[in-house]
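Protein chains: 2
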Amino acid sequence: MYYGAIEAGGTKMVCAVGDEALTIIDRLEIPTTLPEETLERIYAFFDQYSLCSMGVGSFGPIGINPDKDNYGYILATPKKGWTAFDLLGNLKSRYSIPFAWTTDVNAAAYGEMKRGAAKGKKSCIYLTVGTGIGAGVVIDETIFQGLGHPEMGHIRIRRADSDRYEGTCPYHRDCLEGLAAGPSLETRTGTKGENLPEAHPAWELQAYYIAQALMNYTLTLAPEKIILGGGVMNQGHLLHKIRRQFIEQMAGYMDTPEVNEYIVRWQLANESGIIGCLLLAKEAV
Amino acid sequence: MYYGAIEAGGTKMVCAVGDEALTIIDRLEIPTTLPEETLERIYAFFDQYSLCSMGVGSFGPIGINPDKDNYGYILATPKKGWTAFDLLGNLKSRYSIPFAWTTDVNAAAYGEMKRGAAKGKKSCIYLTVGTGIGAGVVIDETIFQGLGHPEMGHIRIRRADSDRYEGTCPYHRDCLEGLAAGPSLETRTGTKGENLPEAHPAWELQAYYIAQALMNYTLTLAPEKIILGGGVMNQGHLLHKIRRQFIEQMAGYMDTPEVNEYIVRWQLANESGIIGCLLLAKEAV
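Chains as they are written, first to last, in my numbering: chain U, 10 to 294; chain C, 10 to 294.
Keep in mind that the hints were calculated from the coordinates and are not lab data.
Check the hints yourself; a few may be wrong.
[Stated by the list, open to error] Anything over 10 Å on all C-beta distances counts as not near chain C; from chain U, calculated: (1) E38; (2) P70; (3) K88; (4) P107; (5) T140; (6) M161; (7) R168; (8) M224; (9) H249; (10) T265; (11) V273.
[To be verified] In the EDC-like style, the derived pairs of lysine to aspartate or glutamate whose C-alpha atoms are separated by at most 20 Å in a straight line are: (12) U:K77 - C:E233; (13) C:K77 - U:E267; (14) U:K88 - C:D264; (15) C:K77 - U:D264; (16) U:K130 - C:D78; (17) U:K21 - U:E280; (18) U:K130 - C:D76; (19) C:K77 - U:E280; (20) C:K77 - U:E270.
No residue lacks a Cβ here, since even glycine has one placed at the ideal position from N, Cα and C.
Let the hints inform the model, and build the full structure from the sequences given.
Below, the structure is given as structure tokens:
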């Protein structure tokens, strides 16, 4: 009994086959190029196996409302060739098996809840801070979605008084993603995040913005845990700055778990998404 | 077959008895004074009926996690005598019937979804802008709650450049409630909202803040409808300003319903909460 999983990113595609215990027995990572050639390589990989189901966590925005015509599609994306591409439909016509379909960050949130940092909990938010900022939400052990999937990386936040940086978001200019994703950190400072000294004031600003978003998410969703992932979070000191800022901004208002338990790093790291996809595949059977 | 309902507000208590069709057959409104004397009057009213269940929507914050000791309690509130008062426990020891217990705004959201502005939908946010700002959320026809109930009135929002007003929130000073609830409108302008001319710039500011919150809620929860209630929303022109601001700020990013369908006024008006409580009572049987 094998399960298939695809973590479809704008940069690379991670494909995996898992056994009954969801141990990964084979794996493929390829760059995301044009849809057709990318799919050819994905097919070549999965064609080797007899799969009973597949879980796909995709970069977005994607259509996730089964009542809509765009269900299973990649929606407006800057990634060349992928806008309005029917990713799920293509996969389904290749493999006549049950599919689970969600966003990459939802899959990661699910993976972390079942097997990672939120194990034993019933709800969590997973926030990735990297090239972009995106979030997945699990509530009552179920991936949360309303009319569409959350786009929480684009909420508007308060600027720090001193901050005059214009922001990088093509839609909102200076929303959370526009002010605090990796590219803004680099443009703002002229240095890549990984080379920026710990004492650089840009980190405090980064923490201020992320903590503000976490506060707003907490006041809205009240999850049991918030899990932070993504390249920018590889700076260990940033987590501590975020926790400190969160406590200060929340001002004791809401009864959240102790901050070191509440705001944590991912545990499955780069595997959160693909493991989440495998879990969803198994449940789709 | 009678159902009881209490909309417990910090200013007044509305009690109602509904028949099988949930038509209100008797009703009591009393000021909220100290807990014991308020309860005496509530008991005197409900003692006249043989009720099969009761729904309570209370001012908050309240304990809503059944696994916690403070379930059914009013938590930290400025309302004298009510902090740490076991409202649900007291009611339960008077009446041995099933109870539904939620926040006043959740009850209103539920009422509006079942019988008001969001009838036929499965999800909505109800936002009241009055003495305070509070929100209730229904997702998949179920009242949404995480570890606690949402406190979305306290999210941090971006200030307008021109706005130097310090804000009225005792916890966060200039969160959404601190900048845009009724009292801030009055202190900011020196005039009660209902006497403030339509052309006063404070209304545009008001719309800017509320629309910003609605955008952040939308990006997080993606509901089918947002319903606005509360005293400040009695100014009809404000709704139009909010819709315009919402479109401008969202910048076409998310695929929401057409704004005149999406952001609407309450339909049950002051009855949303009590009708929601009756509906919840009936379901609690």
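Hints, one by one, checked against the model:
1. Distance check for E38 (chain U) against chain C: the nearest CB is about 30 Å away, which clears 10 Å, and the non-interface claim stands.
2. A beta-carbon of chain C comes within 10 Å of the beta-carbon of P70 (chain U); the shortest separation is about 8 Å.
3. K88 (chain U), annotated as away from the interface, keeps every beta carbon of chain C farther than 10 Å; the closest lies near 17 Å.
4. At roughly 22 Å, the least C-beta separation between P107 (chain U) and chain C is larger than 10 Å, which holds for a residue marked as non-interface.
5. Residue-level check passed: T140 (chain U) sits 18 Å from the nearest beta carbon of chain C, beyond 10 Å.
6. Distance to chain C contradicts M161 (chain U) as a non-interface residue, since its nearest Cβ pair spans about 5 Å, not more than 10 Å.
7. Its beta-carbon lying about 7 Å from the closest one in chain C, R168 (chain U) breaks the requirement of being farther than 10 Å from that chain.
8. For M224 (chain U), the non-interface assignment is contradicted: its Cβ lies about 6 Å from the closest Cβ of chain C, within the 10 Å cut-off.
9. Once the 10 Å rule is applied to beta carbons, H249 (chain U) is consistent with being away from chain C; the minimum gap is 21 Å.
10. Not every Cβ of chain C is farther than 10 Å from the Cβ of T265 (chain U); the closest lies at roughly 7 Å, contradicting the non-interface assignment.
11. For V273 (chain U), the shortest C-beta to C-beta distance to chain C comes to about 15 Å, beyond the 10 Å cut-off, and the non-interface label holds.
12. With a C-alpha separation of about 14 Å, the suggested pair K77 (chain U) and E233 (chain C) falls inside the 20 Å cut-off, and the hint holds.
13. At most 20 Å may separate the alpha-carbon atoms for a hinted pair to count; K77 (chain C) and E267 (chain U) meet this at roughly 16 Å.
14. Distance check on the hinted pair: K88 (chain U) and D264 (chain C) sit about 19 Å apart at the alpha-carbon level, within 20 Å; holds.
15. With a C-alpha separation of about 12 Å, the suggested pair K77 (chain C) and D264 (chain U) falls inside the 20 Å cut-off, and the hint holds.
16. Only pairs whose Cα atoms come within 20 Å are accepted, and K130 (chain U) paired with D78 (chain C) is accepted, the gap being roughly 19 Å.
17. Note on K21 (chain U) and E280 (chain U): the hinted pairing holds, with a Cα-Cα distance of about 14 Å set against a maximum of 20 Å.
18. Simply put, K130 (chain U) and D76 (chain C) have alpha-carbon atoms about 14 Å apart, close enough for the 20 Å limit, and the pair holds.
19. With a CA separation close to 34 Å, the supplied pair K77 (chain C) and E280 (chain U) exceeds the 20 Å bound.
20. At roughly 18 Å between alpha-carbon atoms, K77 (chain C) and E270 (chain U) fall within 20 Å of each other, so this suggested pair holds.
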